[in-house]
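K.L.:
This is what each chain is made of:
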Amino acid sequence: MERKVVIPGEVIVSGEEYLPGEGTEKRGEDIVAIKYGLAEESARLVRVIALSGTYQPRKGNVVIGKVENITFNGWMIDIDCPIGAFLPVSETPRYVNKDSMSEVMDINDMVVAKIFGVNGRGIDLTINLRGLGKIEEGIIIKVNSNKVPRVIGKEGSMINLIKKETGCNVTVGQNGLVWIKGDKIEDELLVKRAIMFIAEKSFTSGLTEEVQTWFDKNKKDKKPAKAEKEEGEEKLK
Amino acid sequence: MTPKVFKRPDGRKPEETRPMTAKVGVIPNADGSAMFSFGDTVAIAAVYGPKKMHPQHSQNPEKGTLRCNYNMLSFSVSERARPGPNRRSMEISKVTEWALEPVLMIDKYPNMVVDVHINILQANASTRCAGINAAALALAHAGIPMKEMVSSVSIGKLDKNLVVDLIKEEEDFEEGEGATDIPITLTTGGKITHIQLDGKINSKELKEVLKLARKANKEVYEVQKKALKESIKF
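In the order they appear, the protein sequences are chains A and B.
Quick note, the first sequence lines up with residues 1 to 237 if you use the numbering used here.
Quick note, the second sequence lines up with residues 1 to 234 if you use the numbering used here.
The shape of chain B in the complex, shown without the other chains:
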């Protein structure tokens, strides 16, 4: 059997991400904001707060609260999406909260809330990863104390081939074992704060996936770092 190289629809190498761009301070009215994109997937995040939690009954007098809101804009996909929250967006909001909370140091803000609004301007798979990356940048920009940064990337398995940063076309791959999508969020220190799995994979391959994720996340981190550092001009 000849080792044949798996060909991706957009001609990328298996471990290659799409070109990434990041920018902070895109929303002047917010306390912190950022934009992050993986190729065609564009997410913007705005952070408001810490501010007093409303309604009062959801205040936590022990520590601060993080509240995320993920939203896909109606024009972000080729067929108009019905605006407003739905099952999928509510789930992703919650997952984003869980991915970001471990690095935030908001226990010094009792009865207060940090609001994060993530909007997807353009979608071509990996929207939750782009959203988490933008949210992490926006939180840092808002001056919220954080232990470290988080960066997120999705790893896919197409039949038996592992690839980094899926696009929509690859998500719909149907040959062989079909497509598996694994979004992973890691801290700078390499700790996992979020991992999801949509499809089938065995434990040996999953270890391989983590190895790829660590490598790809370093690249994401570098892009985030550059965006934050370059937003201040002297």
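With the rest of the complex left out, here is chain A:
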């Protein structure tokens, strides 16, 4: 089945053999959309992918958040989502003394974490895996969470292109926060501009090629004097 845009209440497919997935509901024989987005079917499972709206946390998502509060057994993390997220002490890789939790992560520190559970009352996070943990340096930017799949690209093609072109380390949180870490601030700002470019053009097909040409053009201009000017423009924005 080809992908199509559906609106709430619209019948996507009809027939006993289909199963309702995310964003859909079964009403008699019909699979009905309950959300606005792109409908797709794989192995008889019909689901609707949202293209707009707020970030919906899901198990297994890697997110970037800010420490909001420290409680006696963990940290409250703000991940730009209506339900609060909690990172318990037990989910840290090293032993943490409960009296000195602020030394590990203080309020306003940024952290990369993974969602290991979503229940009605809140989100549980973990940093007990490779690549997760407190962010020490670099810059963090925000893009619309619905554009994250485009920033990552098919099987990470886009993000690998950015990494290769700039030499920066880029971590994209599913909630739309992007952590960029490079050796030079100019490289980090170049990544920032590249990601803004992707977010702006997120509906174009063949975007990876377009970003490649964008890099070729923008990197050629990078003579020292010009780079300074570009940085100034960045501040103006």
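Just so you know, not all the hints are guaranteed correct.
Unchecked claim - With a Cα cut of at most 25 Å, we get these calculated PhoX-like pairs of lysine-lysine:
| # | chain 1 | residue 1 | chain 2 | residue 2 |
| --- | --- | --- | --- | --- |
| 1 | B | 160 | B | 147 |
| 2 | B | 51 | A | 142 |
| 3 | A | 147 | B | 233 |
What the hints assert, rightly or not - Chain A is nowhere near these chain B residues, computed Cβ spacing over 10 Å in every case:
| # | residue |
| --- | --- |
| 4 | 81 |
| 5 | 103 |
| 6 | 140 |
| 7 | 160 |
| 8 | 161 |
If you're looking for bench data, these hints aren't it; they were derived computationally from the structure.
Computed from a prediction, not measured in an experiment: that's the story for all the values here.
C-beta: ideal position from N, C-alpha, C; glycine also.
Given chain A, put chain B in place with the hints provided.
P.N.:
What follows is chain B alone, placed relative to chain A:
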């Protein structure tokens, strides 16, 4: 007696609505937004949320809450309207909430609120209908789960003639029995979520009104559907 065709001030047929336009994504900062217009009546709606309900004492731990805010901008009418909430706008906000709530599936969002802000940019009657239509589009655009869409239209009775989608001039009609205004909101499935009546009508005529509303609402629905589908370009 010769059957004389009732003439409307703007030359429309009795069952004809004004030209409708709809667009989604008009407010980039909102989580969902839409514009809907019936001729000169233009409404924009912005949806924020679901987000944590503030103040905390109005949180509902059982299910999510819908909060609507209808506002007529001071320049929307020919004589400047005093800005800010008033009796009329507060009533319409509440009525809009009731019209939209039956289709929303926000019971999975406890302690949270979905805010809908409706602003009337230009008014020429049927503002609450345009507002509800814009709000339904904006809610869908914000990715809020909904059972189905809602569409709204006003049916009027001028003397003894039933007409669809009143304009201000018709609302002020005074000949014969005068004017009756009946805004009706229906779901795609044809269920009524909101009906109001301002004036006098008998039950036989009201049945006729519902029949007209069902037909006109289908047209509104098609416009809404088109707006949502066309906002995504590949």
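K.L.:
State for each hint whether it applies.
P.N.:
Hint check:
1. B:160 - B:147: Status violated; Cα separation ~37 Å.
2. B:51 - A:142: 18 Å, holds
3. A:147 - B:233: 14 Å, holds
4. 81: 32 Å, holds
5. 103: 8 Å, violated
6. 140: 4 Å, violated
7. 160: 36 Å, holds
8. 161: Nearest chain A Cβ is 33 Å from residue 161 of chain B, so the label holds.
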